[in-house]
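Undergrad: Got chain F; can you put chains A, S and D on it based on the hints?
4 protein chains.
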Amino acid sequence: MQLGLIGLGKMGGNMRERIRRAGHTVIGYDRDPALSDVASLKELVGSLAAPRVVWVMVPAGGPTQSTVDELAELLEPGDVVVDGGNSRWTDDEKHAADLAKKGIGFVDCGVSGGVWGLQNGYALMYGGSDADIAKVQPIFDALKPEGEYGSVHAGKVGAGHFAKMVHNGIEYAIMQAYAEGWELLEAVDSVTDVREIFRSWKEGTVIRSWLLDLAVDALDKDEHLDKLKGYAADSGEGRWTVEAAIDHAVPLPAITASLFARFASRQDDSPQMKMIAALRNEFGGHAVESK
Amino acid sequence: MQLGLIGLGKMGGNMRERIRRAGHTVIGYDRDPALSDVASLKELVGSLAAPRVVWVMVPAGGPTQSTVDELAELLEPGDVVVDGGNSRWTDDEKHAADLAKKGIGFVDCGVSGGVWGLQNGYALMYGGSDADIAKVQPIFDALKPEGEYGSVHAGKVGAGHFAKMVHNGIEYAIMQAYAEGWELLEAVDSVTDVREIFRSWKEGTVIRSWLLDLAVDALDKDEHLDKLKGYAADSGEGRWTVEAAIDHAVPLPAITASLFARFASRQDDSPQMKMIAALRNEFGGHAVESK
Amino acid sequence: MQLGLIGLGKMGGNMRERIRRAGHTVIGYDRDPALSDVASLKELVGSLAAPRVVWVMVPAGGPTQSTVDELAELLEPGDVVVDGGNSRWTDDEKHAADLAKKGIGFVDCGVSGGVWGLQNGYALMYGGSDADIAKVQPIFDALKPEGEYGSVHAGKVGAGHFAKMVHNGIEYAIMQAYAEGWELLEAVDSVTDVREIFRSWKEGTVIRSWLLDLAVDALDKDEHLDKLKGYAADSGEGRWTVEAAIDHAVPLPAITASLFARFASRQDDSPQMKMIAALRNEFGGHAVESK
Amino acid sequence: MQLGLIGLGKMGGNMRERIRRAGHTVIGYDRDPALSDVASLKELVGSLAAPRVVWVMVPAGGPTQSTVDELAELLEPGDVVVDGGNSRWTDDEKHAADLAKKGIGFVDCGVSGGVWGLQNGYALMYGGSDADIAKVQPIFDALKPEGEYGSVHAGKVGAGHFAKMVHNGIEYAIMQAYAEGWELLEAVDSVTDVREIFRSWKEGTVIRSWLLDLAVDALDKDEHLDKLKGYAADSGEGRWTVEAAIDHAVPLPAITASLFARFASRQDDSPQMKMIAALRNEFGGHAVESK
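Chains as they are written, first to last, in UniProt numbering: chain F, 1 to 291; chain A, 1 to 291; chain S, 1 to 291; chain D, 1 to 291.
Don't take every hint at face value.
Because identical chains cannot be distinguished in the list, a pair is counted as satisfied if it fits within a single copy or across any two copies.
Claimed, not checked - Restricting the straight-line Cα-Cα distance to at most 27 Å, the calculated cross-link-like pairs of lysine-lysine (DSS-like) are:
(1) 42 / 101
(2) 221 / 156
(3) 227 / 102
(4) 202 / 135
(5) 10 / 202
Calculated from the structure, these hints are not laboratory results.
Okay, chain F solo, but in the shape it has when bound (with noise of 0.2 Å):
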């Protein structure tokens, strides 16, 4: 089939390769010429067959919004917009319903996968209406990995993105967890070899995993992590996923407590631990005595 695909990054790039060795055709269009198969948003929607499916990958928020009010004006009905960027999934109502007033079609996917997804498959979740997303079904299954598993339709409009972010805060704590035990681990004198310990529990643990096996790889290229500073970012759907569980009255200590420890490795100073510094002074004088 045809698929107009939006933004050619590094992660569009590659996705538009893979559903290409998968015998699709897809016109891409970036706002860099040198990355761009049409010169406009235009001219890939007159390039496309109705009814068309266009997959728009830019950065969420302002960009999404302005290429959803852009092909609200140029597509017709029955076509379907993908948007398999990281929006989140309270947006996704907001451009369904916008452009279901023109009879326009629209599926959230949030889309995993990262540099491994060109070979290895990229995991996909989305959200629509059963017929929307038929329309759309051929593109994911040349985007998923091959295999069972790997692509869930997994609700309404929303739905997709939501998955996906709520995948998202399960990594950081998982991240977390194998984090707080490797630094337990090379606190203590007895324990020799960390870095092997690591490398044994990739079989026949109960805490084997892909992102075990990262941190395997991670320690071969430094030991102890030395060239590194402690220092995480966080991409946004870290944040989404507590606010949606305050949002539902749903605790997520775990999660919040990952959320938390990467705000706190961002900042040189810590303003909060300055005050408790500064109570203990008052009360104390902690330096000379026992309180």
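TA: Below, chains A, S and D without anything else, positioned relative to chain F:
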């Protein structure tokens, strides 16, 4: 080689079977005569040729202590005792010192694998001197999973149980990660098939793991886990992990949150939440007005 | 001076009384004619001399929004609207902008004091321009506690509600602190009189506070809080505090833990703990053996 | 009455002064001859009439243990030893048992008050038998704050230190509560005067407390705490509180979060966050693309 194995419960019994399949001779002792190959520890020791290797696989604490004490009387210099139970790492140093007075070696070994171990092998983390471990090595090789992973010489005496303890602490937090994500997905109306989302994550995602596979198995038996109570025991190793972290001033927010969630799950009613309710009553008449 | 006061529930009614005692004229409006001094908002506005100050004390969200909308139509340039309800600080900027189009000023004011306010005064945190606040100042002075503390110009529009929100977030964690300590003391056999311990802390300790006094009051009514259920509602401001912290990448581990403890207290059974139990069943047959 | 007091550092010295002001005779011993009233423990004991009360005010652990051991040799049946230091409650039972063999009584006493104690009195929490405590009561009455609060017979031997330990655990979380709120307020642009907000809370609010008063004092010296480093020591009692909670399966999320925040504040770089950074590098090339 010959091995004396003390403790032939489900775990010890399966280990005996796996070691025998590898061609070794196992003489087992258990308090239950129906399970035991010999009538007493004395007979067990007498039936082994020196230097002996005796593997203790009994409950941690008192039973392990008394078994080690008895072996200290029965064994000879050059023999080695392996504690393969769930002992706290702080017990190991004491056991090693007591046995060393008699010239008897000591190795501690954390064993993971549970009901899957007989078939897939047991992950092993052991601590002790190179000389002592060399005497046990053929047994380790028989027990571990096939392939290059699954066993490790973690460090000095105590390091084996310490590594296994941290493994379990990590396990707590990974389980909590999936559990939190599952609860959040179940709480949201637009998400219509949480089980299929979990299943889809088995390939191509960052969070694929053996525990995820088990979660899918559990959901296949009981899609919304309606048959289960939200009650989780803890085996001691999670507690020890947090205590070890406190000893070393290592922050473990996610692992500790996971432990506390289990504590709370076992309370019919939360005393601390009674106090919160009491305070709210005192200051605000919260039921009837905004504060 | 004259004040128009909208919303005469228990909170608004007590505030009217305290303002009147200070010698000001309060014309109150409430949907309930039995409480109201006037028949309509229009009559309220008509009965005040310009420049008018109208204090809105109705539930946050829709009711406050519609009241502000109506006042925007009725008031004149130079008048000022005060939102003294529990509005989210993000609503304030919108209200201020809408009213500014008509030349009407806006002040947001977080009010603390509950049932104790009539007698002891209300703590006030307000945000807005100096000029707008000057018009309301006599009312603030009437409402606040005697003495030099209890009211503050916290910053620009929104800062009043923001400060009150953080006040409540802090309150959550302080309550949780006492609650945790109380549960731990109650759990230990050698401690025989927890209530008297709490009472003793009222003087000479680092942790003496008004909330501690309230805890003792509560224990005097019900020593072990047997009559209460461990169930704690939350009023929204704790949630907003955590969301604001996430927006600003500020880690709030204790306040968030306090919020999550309340969420968990309201669950009959914990879905996430069902998943933990399910996973334990899958990997270990935990009931019958050590893992 | 007469009191023997061992340990005349800043804390012990002030306590001696307060007891003397109440009209009692204090004979003090310190390793530092410049501070000491007598040349040895033996001379101290010899100068007191039976039944003697000897108050030990030396560092917890080894120094307290050796002092108790020495007193066990010097004192007579019917005498009483008070441990007023920061001992772990688990030490008390051992001390009591050792002394009981000689017919000597034992009382443990947690003391709060620090540099403010001489003037305002010390909060006291003590554990032991009614008979032993009766012998010390005049000293407790001299040390405690005036008024009806500030001292408590908390339970059996160990209960005094346990109650003081929990007091400190609660203190950690209350300090953390204010610290988190302060950091959040400082992070928001629309809030222009955080110090004045804190000051305003001193009256009329739910969160007024002595620690809040101290926070205002600290901010008056250094409005944004620029002169302080965000580095917070911990005195041991917070750690013991968490360990006691683990022993009793009591969840302490806020207190533990407060302890961990202090641990993290003392790390130049966070090992666990290095692992998070390493994992992010492995799976995503996060610097260059969305995952």
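Undergrad: Hint by hint, note whether the structure agrees.
TA: Here is how each hint holds up against the structure:
Taking the shortest Cα distances, residue 42 and residue 101 sit within 27 Å of each other inside one copy (20 Å), while across copies they are farther apart (39 Å). When the C-alpha separation of residue 221 and residue 156 is checked against a cutoff of 27 Å, the pair qualifies only between copies, where the shortest distance is 25 Å, while the shortest distance within a copy is 43 Å. Taking the shortest alpha-carbon separations for residue 227 and residue 102, neither the intra-copy value of 54 Å nor the inter-copy value of 46 Å comes in at or below 27 Å. When the C-alpha separation of residue 202 and residue 135 is checked against a cutoff of 27 Å, the pair qualifies only between copies, where the shortest distance is 25 Å, while the shortest distance within a copy is 40 Å.
Proximity of residue 10 to residue 202 under the C-alpha cut-off of 27 Å is restricted to the inter-copy arrangement: shortest distance 24 Å between copies versus 30 Å within a copy.
When the structure is compared with the earlier hints, a violation turns up for hint 3 alone.
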